[in-house]
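> Let the hints inform the model, and build the full structure from the sequences given.
2 protein chains.
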Amino acid sequence: MTSTPRSTPDTDGPDALRQAGLQVTAQRLAVHRAVQKNPHALAEEISDVVRAEIGSISRQAVYDALNVMSEKGLIRRIQPAGSGARFEDRVDNHHHLICRDCGSLVDVDCAKGKAPCLKADNNHGYVIDEAEVVYWGTCPNCQTKPKK
Amino acid sequence: MTSTPRSTPDTDGPDALRQAGLQVTAQRLAVHRAVQKNPHALAEEISDVVRAEIGSISRQAVYDALNVMSEKGLIRRIQPAGSGARFEDRVDNHHHLICRDCGSLVDVDCAKGKAPCLKADNNHGYVIDEAEVVYWGTCPNCQTKPKK
DNA sequence: CTATATTCTGGACATAGTCAAGAATTGGCT
DNA sequence: AGCCAATTCTTGACTATGTCCAGAATATAG
Numbered sequence: 291m292t293s294t295p296r297s298t299p300d301t302d303g304p305d306a307l308r309q310a311g312l313q314v315t316a317q318r319l320a321v322h323r324a325v326q327k328n329p330h331a332l333a334e335e336i337s338d339v340v341r342a343e344i345g346s347i348s349r350q351a352v353y354d355a356l357n358v359m360s361e362k363g364l365i366r367r368i369q370p371a372g373s374g375a376r377f378e379d380r381v382d383n384h385h386h387l388i389c390r391d392c393g394s395l396v397d398v399d400c401a402k403g404k405a406p407c408l409k410a411d412n413n414h415g416y417v418i419d420e421a422e423v424v425y426w427g428t429c430p431n432c433q434t435k436p437k438k
Numbered sequence: 291m292t293s294t295p296r297s298t299p300d301t302d303g304p305d306a307l308r309q310a311g312l313q314v315t316a317q318r319l320a321v322h323r324a325v326q327k328n329p330h331a332l333a334e335e336i337s338d339v340v341r342a343e344i345g346s347i348s349r350q351a352v353y354d355a356l357n358v359m360s361e362k363g364l365i366r367r368i369q370p371a372g373s374g375a376r377f378e379d380r381v382d383n384h385h386h387l388i389c390r391d392c393g394s395l396v397d398v399d400c401a402k403g404k405a406p407c408l409k410a411d412n413n414h415g416y417v418i419d420e421a422e423v424v425y426w427g428t429c430p431n432c433q434t435k436p437k438k
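From first to last, the protein sequence lines are chains A and B.
First residue of the first sequence? That's 291 in the working numbering, and the numbers climb one at a time after it.
First residue of the second sequence? That's 291 in the working numbering, and the numbers climb one at a time after it.
It is possible that some hints are incorrect.
Since the list can't tell identical chains apart, any single copy or any two copies may satisfy a pair.
SDA-like mimics (lysine to any residue), calculated; alpha carbons at most 20 Å apart, straight line [what the hints assert, rightly or not]: (1) K362 - H414; (2) K362 - W426; (3) K362 - D391; (4) K362 - G372; (5) K327 - W426; (6) K362 - S394; (7) K362 - V417; (8) K327 - N431; (9) K362 - H330; (10) K327 - E343; (11) K362 - R390; (12) K362 - V398.
Honestly, the hints are just simulated from the structure, not real lab data.
The structure is reproduced here in structure tokens:
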């Protein structure tokens, strides 16, 4: 560490937190890393990963970290029907494709980085800040199964 | 009302259920009516409405009716983050606009009845049957509040 | 180094929904 | 109309996911 100030300024743990105006704690750093390494993980899975890494963490600290970081835009929360909240560190505009049978979830890019769906016809006076798109279907694996 | 065999064949309770291959029961009819009359209601609200109408119904019967009817396409289930499942009888292609602050939810038509968002760039082998779009933002009422 | 605000811990609690076994109802058949 | 088999409903326990609270620990500013 003689002359490596910061390899990836934007996603580097401490800096990312500070830039978001959050205190830097071991728990938050670990949660952030866990989300980065486990895209689409559930809160409980994050909890397990963090616990494996730093020994222990309370459930509340996990939820708090996930919530505050998603509020600040550091991570993104997705919450499809049929499962708890999931978290990912990709904050760019992309969407998700979910299998109705097995719940598997994959990322899909949204038409070349543009946001074609961000405008609703009639916004009813709402100020829209995000358009979330979820594609529901059947994954390749579940298509082969007899359906029951 | 002297000679009105059925005003709306498609949404008439008994027929709608039969056409979906479901047994016609008082509970299901009441749940169906409750959903029609209370768009975007939660399961528990449906439960209350039904109970007011037919006296009593078990929680399980409500969930069962809602689930089977949404599987059969009689009603549609939507489940935005931060609330339980909501149900509506509009089955056509439309989307939703939700306030992050108060959770209010309104319908938005999807570009003139067409389905412009139904195609993902790369479907990863999935067979897609629905594209769900949720617009997140702040409703007119919450915009005036000081934000706290 | 100290002060103060923020965050974390631990445990109770809340909400939304599922599971399972037996009772009641529906719809087809005679 | 009356009966039978299958479906549906009831009841009550249970699971999963997440929140609330008060006090202990920690981070950051000065």
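> Kindly indicate which numbered hints from before are broken by the structure, ordering the numbers from low to high.
Violated hints: 1, 5, 6, 8, 12; rest satisfied.
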